[in-house]
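Asks: Quick mapping for you: the protein sequence lines, in order, are chains A and B.
The working numbering puts the first residue of the first sequence at 1, with every later residue one more than the last.
The working numbering puts the first residue of the second sequence at 1001, with every later residue one more than the last.
Keep in mind that a hint or two might mislead.
Short, incomplete list of chain B residues facing chain A, as computed with Cβ under 10 Å [as the list claims (entries may be wrong)]:
id: 1; residue: A1190
id: 2; residue: W1288
id: 3; residue: V1289
id: 4; residue: M1301
id: 5; residue: G1326
id: 6; residue: R1331
id: 7; residue: W1332
id: 8; residue: N1334
id: 9; residue: Q1338
id: 10; residue: L1361
id: 11; residue: D1365
id: 12; residue: I1366
id: 13; residue: P1455
id: 14; residue: P1456
What the hints contain is simulated information worked out from the structure, not anything from laboratory work.
Just so it is clear, CB atoms sit at the ideal spot from N, CA and C, and this is done for glycine as well.
Spelled out, the chains give:
Number of protein chains: 2
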Amino acid sequence: MAVIEQWGLFEFALEGPQDGNPFIEVAFGARFRFQHREIDVPGFYDGAGIYRLRFMPDVPGDWEYLTYSSASQLDNLPGKFTCVTPSADNHGPVRVHNMHHLAYADGTPYWQVGTTCYVWTHQGDALEEQTLETLKNAPFNKMRMCVFPKHYTFNANEPEYYPFEKLENGAWDFERFNPAFFQHFEQRVADLLALGIEADLILFHPYDRWGFATMDAEVDDRYLRYIVARLAAYRNVWWSMANEWDLMKAKSEADWDRFFRIVQENDPSQHLRSVHNWRTFYDYNKPWVTHASIQIVGVSMNLEPIRDWHKQYKKPIIIDECCYEGNIPDRWGNITPQEMVRRFWESTIHGAYAGHGETYLHPQDILWWSKGGVLHGQSSERIAFYQRILEETPPQGLEPLETGIHSFKWAGVPGQYYLGYFGIHQPGAAIFNLPDGQYQTEVIDTWDMTITPLPPSETGKFQVELPSKPYMAVRVRRVTT
Amino acid sequence: MAVIEQWGLFEFALEGPQDGNPFIEVAFGARFRFQHREIDVPGFYDGAGIYRLRFMPDVPGDWEYLTYSSASQLDNLPGKFTCVTPSADNHGPVRVHNMHHLAYADGTPYWQVGTTCYVWTHQGDALEEQTLETLKNAPFNKMRMCVFPKHYTFNANEPEYYPFEKLENGAWDFERFNPAFFQHFEQRVADLLALGIEADLILFHPYDRWGFATMDAEVDDRYLRYIVARLAAYRNVWWSMANEWDLMKAKSEADWDRFFRIVQENDPSQHLRSVHNWRTFYDYNKPWVTHASIQIVGVSMNLEPIRDWHKQYKKPIIIDECCYEGNIPDRWGNITPQEMVRRFWESTIHGAYAGHGETYLHPQDILWWSKGGVLHGQSSERIAFYQRILEETPPQGLEPLETGIHSFKWAGVPGQYYLGYFGIHQPGAAIFNLPDGQYQTEVIDTWDMTITPLPPSETGKFQVELPSKPYMAVRVRRVTT
């Protein structure tokens, strides 16, 4: 009997009908049983007469299943496997934790530190493997990535695989998926899983010259069911309905609501779900949205509105796009590394998480933000340092605090832990007035990556010297006796 | 007969009654005549039986006057003087020019580059003379300064002079001005005039431990009439009703309206008038306001709202306070020199003018922003460089343009002159699509203070390389043939 670890991927394949159009004509799934629980899991046609079904068991013990299908060959076939406790690096899928935060299913905090390589899986194996090699040594634990290829500045190349077969006349056959496309794509999702990186899969996006942004509703919906059937058993998957949903003029808000519900209904593992904006937010208060995936408009350097969203949505806030470190002409793609790092820290102080990207001009148009490759900038090293501080925050997650110091905002746990950040400001001193107790203050240079501990205070009222430089933070922790 | 240059200061003194309270009991003024024009000018009591009257003639030729007074000694006394063309450095008072801009009365453009030393005239001669020496070598052509002394952090010292006499019980005699106070103050205004610096006189402010912020309406109004009578003939005077008017809780909006009208009615020379905010703007659309004097709230780094104010007020916009270069704990007083300079450039690109200040911690609490002294920072040198670029802009003034480049805003004259600024962004290139013509582009490093001309373009469509550094500007001028 198969042995699968908890949150591992159980998969089986069956031979079935090849005639007609199996993508459309054959229904296929299985009902999984664990003690009193029953879970219906959709399978999918993988071409060449092969039908597959994947499932991520979420509890150790003996599981059974029974297939169902419109094809008698595939119907009513029983099976079972044993689910065992997970290996050391497997903490399960990421879930919402403590309202504004995230944790793996086993309770381990997940401190989101994202990056974006929109179409890295469409660049051919050499570059894709270089991207994976880069990620191995980078701080990022989430990758934002599109399913469909991208048409845009710096993105003139054709992808190696297309998601649909072609008709004889050269048009897409939107009734037939190309299994090779999805096999390749899911291998890349698995590659990220092996690196401990969450894959935030962008299901639609507007930057398109092939017609994938303007398919009709029937094709959209079938595509969603297909990709969810193929990928929902990978524990590192997140679903992002779109990159810049409000730029996809062919779709209405009702379409987006429907997409969310299709994903929600077809994903047995209930991965995280959101959608990313250009200028207009989708209503993140809708019940099927698990967290807010936000692009901050490039012109604004002020991240304090995060505090309002925090209260408004009562869900994790991820600033997935806040401009990219780089030097392309476009305003959204030429902030300094200092500013990229500042936006991570500011997001944290306001109770949110952030996302990185790089857009340096490159002779072959290999920009990290879209194609991956190697990192050219100076922010990722500082983001790794930031990540270390983040991972040392209290496990319940940092909440933005109402009171600050000298008009600078804080995050923390009142009376216990405070993280403050001065950004472009360069105070030479700060005066604290905290609840009674002794406190240990550390002065953190977020750019030069140093942590300088100061002698513990006598009381909650104390003053510290600061080095009159920008990009400094302070960490204040109560001394426990 | 006296000879006074145009926009110079004509003054005469008369001996009059000393008994009772001349400040209250004696009305005194003169009607000036130039050809068909008649102008009533208030005089003032200067103590010790001396009554003075000052007047700034605005046109060359022969002027006559006749005094009027409730005291017979001072009444119906004739006089005359000849007004001659001004000397080379005398361009007259600053006026609104071309709706959003400023010019001296002789038409010379006035490119406002301000600084703030709120109470520099209350620091004793040694420090005050050092301030003047500093200003001699600094780029600033406007000083924001309070009439009354200041009580605030870093401002614990008592002033040398007080504006009122004291009663025997030690309370202020709000019915008797202290002429020595005003004599000293107006000497400092004259000192600024000698340096070519406009004196933006702040008539009220909230930072007070003496009671000057909470005088009753009768005293307020008498004080306004008195200071206007004393100072309106200095051509470098501007009137600012308040610093942070909305923090002066003892006064209503109707009080401020009345203050404006008193100044307007009593100033024969109609100097510029505005009022400065903390969080809430006074309605700059009111007809007695000549320009908007704005504090940008410290937390915001985004200066684009200037463009809205530009359209809303149709008056010059001066960002008189946009935080200060320094390292004090307070958020408004610890921006980097880079950020201070950035705010000047951003203001310009959006069609406004800006103001500087410095707040570096000092062992004797001598912070430029309040007391003057010497400059410790790095922004003023770059502001001098900025001033050079500003003075080379078209004389009609830079208007913000609706279209930009790569989402960066421009100011200029369409088809003729464009000034663009990239701020913290670091593009490696920019692509231009201007009206047909040949253009000369210069790449300006606003921090390192270099100007690099590029070869002229062939057409309006061209691309330029940029150095992938922050704080760069570009100046694009049509090549005239």
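Asks: Hint by hint, say whether it matches the structure.
Replies: Structure-based check of each hint:
Contact between A1190(B) and chain A, as hinted, is not supported at the beta carbon level, the nearest pair being about 36 Å apart and thus beyond 10 Å. Checking W1288(B) against chain A: minimum C-beta separation of about 33 Å lies over 10 Å; hint violated. For V1289(B), the interface hint is violated, since its Cβ never comes within 10 Å of a Cβ in chain A; the closest pair sits about 28 Å apart. A least Cβ separation of about 4 Å between M1301(B) and chain A falls short of the 10 Å threshold, and the interface hint therefore holds.
The closest approach between the C-beta of G1326(B) and any C-beta of chain A is roughly 8 Å, which is under the 10 Å cut-off, so the hint is satisfied. The closest approach between the C-beta of R1331(B) and any C-beta of chain A is roughly 4 Å, which is under the 10 Å cut-off, so the hint is satisfied. Annotation: W1332(B) was flagged as interfacial toward chain A, and the flag holds, the nearest CB pair being 7 Å apart, inside 10 Å. Hint status for N1334(B): holds, given a least beta-carbon distance of 5 Å to chain A, under 10 Å.
Hint on Q1338(B) holds. Least Cβ distance to chain A is approximately 8 Å, under the 10 Å limit. Interface hint at L1361(B): satisfied, since its Cβ lies 5 Å from the closest Cβ of chain A, which is below the 10 Å cut-off. Taking 10 Å as the C-beta contact cut-off toward chain A, the hint placing D1365(B) at the interface is violated, the least distance being around 13 Å. Below 10 Å, beta-carbon pairs count as interface contacts, and I1366(B) has none with chain A, the closest being about 15 Å; its hint is therefore violated.
The restraint placing P1455(B) at the interface with chain A is violated, with a minimum CB-CB distance near 19 Å, outside the 10 Å limit. With a cut of 10 Å, the hint placing P1456(B) at the interface with chain A is violated, because the nearest CB-to-CB distance is about 20 Å.
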